[in-house]
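Colleague: Sequence:
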Amino acid sequence: MLTGNKNTSWKFFSWFFALALMLPIVVMLLGSINASSDLFSHLWATVLPEYIRNTVILGLLVALLSFCFGVPAAALISQTNIVMGKQLRWLLMLPLAMPAYLVAYLYTDLFDYAGPVQRLLRAWFDWQSPNDYYFFDIRTIGGAAVVISLVMFPYVYMLTRTAFEQQDRNLLRASRLLGCTERQSFFQMTLPLARPAIAVSLALVTMETLADFATVQYFAVSTLTTAIYDTWLGYSDFAAANALASVLMLFILFIVVAEQRARAGQRHQSSRPNTQHQRKQLSVAQQIIGSIFCWFLVFAGFLLPVILLLVMVIDYADYQQLVALIVTGKNSIEIATYTATIATSIALILALFQRLHQSRLRMFPVQISGFGYAIPGTVLAMAMLATFGPLDHAINDVAKALGFTAPGLILSGTVFAIVFAYIVRFSAIANGTISAGIEQIPKSLDLAPASLGVTTLSAIFRVHLPLLKSSILVAWLLVFVEAMKELPAVLLLRPFNFETLSTQVYQLISDERLEQGALGAILIVLFGLLPIIILNRQKDTP
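Taking our numbering, the leading residue of the sequence shown gets 234, the next gets one more, and so forth.
Within a straight-line C-alpha distance of at most 25 Å, the following computed DSS-like cross-link-like pairs (lysine-lysine) qualify:
#	residue 1	residue 2
1	LYS513	LYS319
2	LYS718	LYS563
3	LYS702	LYS244
Calculated directly from the structure, the hints in this document are not laboratory data.
The structure presented is a predicted model; accordingly, all values stated were derived computationally and were not measured.
Hey, can you work out the whole structure from these sequences and the hints?
Modeller: In C-alpha cells:
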C-alpha cells in the first residue's frame, strides 16, 4: 500500500507496467535479429526495394501535401480576418474524424470510370470510351497520398495554428521596425518560430502514414505495411514478416530522430510572451480566395464523404444491417472501454509516480510506456503474437504434463491480445493528457497534505484525483475513440467469428459492399467527432 513518496511498491508497479508495455516490441526485435540472413537476402533481391521505395515516396508525398494544406490554413485562421474565421477554426479539424480508408473507397467510387463523375462527363461531351478523354486514376500512390493528406492535415493545422497564436508579438513588431514588410516578417520570423510545431506535426503525420494499411491495400500500393500483412497471412511466412516489420521499425526510429534533430537548438520564447496582435486585413478578393481554400479542405476531407455515406444509409439501410451493427458495435465498445480504462489507470500511476516519487529515474517509465504510439498496428500485432504465442504453447505443454486439458490460445487467441496491443499503442495519449493536467496543479499542493499529517495515498484521492477529474475524462475519451477506430491490429489479432465496427466496414469495403456497412461507417465517424469536440472546448478562442 502506498504510504509515502519513497514507497517501493509504487516504484515496482510503475516500472512493471512500463516494461510490460515494451516487452512485445523487444521480443519482436530480438526475433528479427535471429531471422535467417538468407531469407532477408532473398527479400532484398526481389521485393523489398520496391516496398521501401513506395513507403518513402508515400510518406514524403503525404508530408508535403499536409504541409501545403495545414500551414496556409493555420496562417489564414490565426493571422488574418478571413471570412467565417471563427467557424473555420474548428471546422478544419473535422477531417480527423474520417478514417482514411473510408474516404479512399468513397472517392474511388465517385471518380472511377464507372462512377457518377465520369458518367456525367461522358453524357455531357458524348465521349464513348476512355480513349476519347483523359481522367486521373485515383488508384495510384499519388491518389493514396491525396486521400491520406485530406484526413491528416488537421494535425499540421492545429499544432501550427497554436504555435502562430502563442508567438511573442514584440518580436514581430521589432522586425517591422527594422524595415521588414508583413510578408517578410511572416517568412523570416513567424514561420521559422513555428518550425518545431511543424516538425512535430509532420513527424506525426508521417508515422500515421506508415501505419496505414487499409488505404494503401485498397489502392494496391505495395508498402512495408501491406507487405507484412501479405507475407504473414498470404504466404504464412512469419519470419519474413517479422523481418519486414523490423525494417518498418527502423523507418519509425529514423523519423523520430529526424524530428528531434529538427527541433534541436530552438530557443524558447519569453515565459510571458505578448500574444495580443492585430490580424492582417485582407482585401475582399483575398478573403474570398482564402475562404474558398479552407472550405475546400473541409468539404473534401469531411463534408463530401459524410454526405455520400448518408446517401448510402438512406438508400440501403435495412433491419439486418442494424442487427449486425448492434453485435459489432457491442464488441467495439467493449474493447474500447477495457482499453481506455486500463490505459488511463496506468497513465495515472505513472504520472503520479513521476510527480510525487523521489526516484532519480522517475521520468523513464512514462517515456518508455509512450513509445508504442509510434509503432504501426500491423507491427504491434506481430509483436503480440511473437510474445504471447510461445507463452500459450508453454501453458498448454505444462497443462498436458500435469494431466489437465490444454486450455488453448488463452492469450494470443482472445481479445486479451487486442486490448494489450491497444494499450501499448495508445498509452502515450493517456500519458500526455494526464501529465498535462498534473502540470497545472501547483507544487505546493503536493507538500501541504504532508504538513497536515495526511499520507500520500490519502492526498492523491482527496487532492490530486479531484483536480485531475477533467484530464482523466479527456484521456479516457481520447483513448476510447482511438480504440474504436483502430483497424490493423484488431484485423490481425481478432479471434474467429469476432468482428468490430472497423473490421466489419473494412471487410465490406474489400468486397465492394460499403453500402451495406454505411451505417457502421457513420457510427465510426460520430465517435471520431468526440475528441474534436473535446479539443475545441479545451482550446481558448483567440
